[in-house]
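Undergrad: Residue-level listing of the chains:
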Amino acid sequence: MLLTIKKHSSYSIIEAPERVDTLLAIDFEMALLDAGTHEDSNMVIDCSKLVYLSSSGLRVFLLVQKKMLAKGVKLRLCHLRPSIQELFDISGFSTIFPIFADLKTAITEIVNSDDLLL
Amino acid sequence: MIRIRNLSKHYGDLVVLKDVNVDIRKGEVITVIGPSGTGKSTLLRCLNLLETPTGGNIFIDDIPLLDKGTNVPKIRQRMGMVFQSFNLYAHLTVLENLTIGPVKLLGRTKAEAEARAIELLKIVGLAEKVYSLPEELSGGQKQRVAIARCMAMEPEILLFDEPTSALDPTMVSEVLAVIRRLSKEGMTMVIVTHEMDFARNISSRVFYMDEGIIYEEGPPEQIFENPVREKTKAFIHRIRSLDIRISSPNYDLYAIQAEMLTFCDKHFLPHRVSDFTLLMAEEVLLLQKDFSDIHLKLSYSEKDGTLNFVCDSAGEAFNPLKDELAEDDIGLKLIFGRCQTVDYARENNRNILLLKIKNA
Numbered sequence: 001m002l003l004t005i006k007k008h009s010s011y012s013i014i015e016a017p018e019r020v021d022t023l024l025a026i027d028f029e030m031a032l033l034d035a036g037t038h039e040d041s042n043m044v045i046d047c048s049k050l051v052y053l054s055s056s057g058l059r060v061f062l063l064v065q066k067k068m069l070a071k072g073v074k075l076r077l078c079h080l081r082p083s084i085q086e087l088f089d090i091s092g093f094s095t096i097f098p099i100f101a102d103l104k105t106a107i108t109e110i111v112n113s114d115d116l117l118l
Numbered sequence: 001m002i003r004i005r006n007l008s009k010h011y012g013d014l015v016v017l018k019d020v021n022v023d024i025r026k027g028e029v030i031t032v033i034g035p036s037g038t039g040k041s042t043l044l045r046c047l048n049l050l051e052t053p054t055g056g057n058i059f060i061d062d063i064p065l066l067d068k069g070t071n072v073p074k075i076r077q078r079m080g081m082v083f084q085s086f087n088l089y090a091h092l093t094v095l096e097n098l099t100i101g102p103v104k105l106l107g108r109t110k111a112e113a114e115a116r117a118i119e120l121l122k123i124v125g126l127a128e129k130v131y132s133l134p135e136e137l138s139g140g141q142k143q144r145v146a147i148a149r150c151m152a153m154e155p156e157i158l159l160f161d162e163p164t165s166a167l168d169p170t171m172v173s174e175v176l177a178v179i180r181r182l183s184k185e186g187m188t189m190v191i192v193t194h195e196m197d198f199a200r201n202i203s204s205r206v207f208y209m210d211e212g213i214i215y216e217e218g219p220p221e222q223i224f225e226n227p228v229r230e231k232t233k234a235f236i237h238r239i240r241s242l243d244i245r246i247s248s249p250n251y252d253l254y255a256i257q258a259e260m261l262t263f264c265d266k267h268f269l270p271h272r273v274s275d276f277t278l279l280m281a282e283e284v285l286l287l288q289k290d291f292s293d294i295h296l297k298l299s300y301s302e303k304d305g306t307l308n309f310v311c312d313s314a315g316e317a318f319n320p321l322k323d324e325l326a327e328d329d330i331g332l333k334l335i336f337g338r339c340q341t342v343d344y345a346r347e348n349n350r351n352i353l354l355l356k357i358k359n360a
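From first to last, the protein sequence lines stand for chains W and V. Going left to right, the first sequence walks through residues 1 to 118 as our numbering numbers them. Going left to right, the second sequence walks through residues 1 to 360 as our numbering numbers them.
These aren't lab readings, by the way, just hints derived from the structure by calculation. We treat Cβ as the ideally placed atom computed from N, Cα and C, and that holds for glycine. Misleading hints may appear alongside valid ones.
[To be verified] Label-pair ranges, simulated between beta-carbon atoms:
| id | chain 1 | residue 1 | chain 2 | residue 2 | range |
| --- | --- | --- | --- | --- | --- |
| 1 | V | 241 | W | 67 | 43 to 49 Å |
| 2 | W | 4 | V | 258 | 39 to 45 Å |
| 3 | W | 2 | V | 241 | 36 to 42 Å |
| 4 | V | 173 | W | 30 | 43 to 49 Å |
| 5 | W | 94 | V | 305 | 54 to 60 Å |
| 6 | V | 85 | W | 30 | 47 to 53 Å |
| 7 | W | 30 | V | 201 | 37 to 43 Å |
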């Protein structure tokens with residue numbers, strides 16, 4: 001899976017694909033881990049294009065979050081469509097992940113935060 | 001008013017209408033339903049001789065339409081036809097589209113024709129579009145003008161050939177509302193349609209066409225609730241529910257979801273509901289252990305708007321709602337979050353999971 005990644009000095013922005021289902025989850029996981037954890041860079045996942053997410057996709061977010069936390073790297077999500085936000089709410093993931101309304105707010109937070117959310 | 005006897009239409013070896021026999025009485029609203037390619041539109045086009053029947057006869061008030069001595073143009077004037085693709089004159093204004101026929105063919109004065117046209121445009125809700133050109137109108141507005149143009153010719157019978165098929169779903173209801181209004185005014189109408197809810201509500205009688213004949217006809221309660229004949233039953237069942245069989249763990253999720261999406265679109269379910277319905281299919285399949293014989297059934301009730309999804313699977317008794325060995329409960333949380341109720345039952349040695357999906 002090819003993800004669009006924009007690297008900055010203290011963080012990377014990764015664009016989530018339109019769909020993360022059971023069949024695509026492994027690829028998504030590999031791509032995220034490649035992009036984020038290898039370089040120990042903070043990560044913002046821009047979910048503006050994500051329209052379909054199943055439990056398999058949610059598990060990927062969880063796993064990547066765990067791995068990044070272990071390395072002391074921050075993961076932030078932003079720009080979730082209402083139907084995707086609803087899935088995060090239903091599954092209880094909204095309380096696990098710092099979610100921001102838009103990319104700008106997520107970046108500001110990741111740059112300025114004092115690691116309280118880690 | 002209309003008597004059709006032994007009507008047939010062949011195109012070379014292809015028999016589209018085999019032997020159609022039916023009577024339509026004055027003031028009746030007939031809807032013609034059935035699978036594609038079974039001759040519904042051909043029947044309509046034969047009625048006003050846009051197609052020449054191969055055999056049989058059509059009588060309009062006892063006048064045999066196909067006899068050589070019959071004044072066909074005069075009889076045709078008694079019938080108006082609304083097409084799928086509107087067929088308005090693109091270079092004429094809405095008013096001119098409505099007045100050209102009455103002035104040239106019915107001998108009305110321009111003033112008479114214009115007064116009537118404005119009345120009709122009010123009826124179809126387009127009085128403010130009198131001087132617009134067709135290109136300035138939406139699809140729904142064009143079709144309403146097309147209906148008003150038909151009415152301007154003062155027909156006794158209106159024929160509609162899938163009047164909403166070419167329309168964006170958001171515009172279907174405005175056209176159906178106009179047709180419904182005309183039906184209440186006692187106009188005799190024959191409507192070929194795929195809008196089943198509309199057919200059920202508006203019709204005095206429904207013709208179900210299959211195999212080139214009117215396979216079953218009756219009041220809408222009979223056709224939609226208690227069809228008598230096999231093919232009618234199968235057709236009505238198909239439009240109400242979608243059945244998918246799975247026999248391997250390597251099932252094609254995308255094909256299954258594509259079929260479900262088509263079903264949801266056919267019933268004009270909101271995108272949000274169809275998106276979650278596809279998700280329910282994936283989540284339910286992820287909970288299964290035995291893929292040797294799974295029957296998925298998605299059904300929608302137009303009456304109360306409920307959307308049911310059943311996963312009926314073979315194998316040992318297994319309630320996925322209480323699977324203590326499951327890796328986590330994320331999938332179940334999504335299912336419970338998007339369903340009104342979720343129930344498991346063991347019936348006839350099969351595991352039945354019934355989801356009532358939230359339709360909002």
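Undergrad: Can you list which hints this structure breaks, lowest number first?
TA: The structure conflicts with hints 2, 5 and 7, although it agrees with all the remaining ones.
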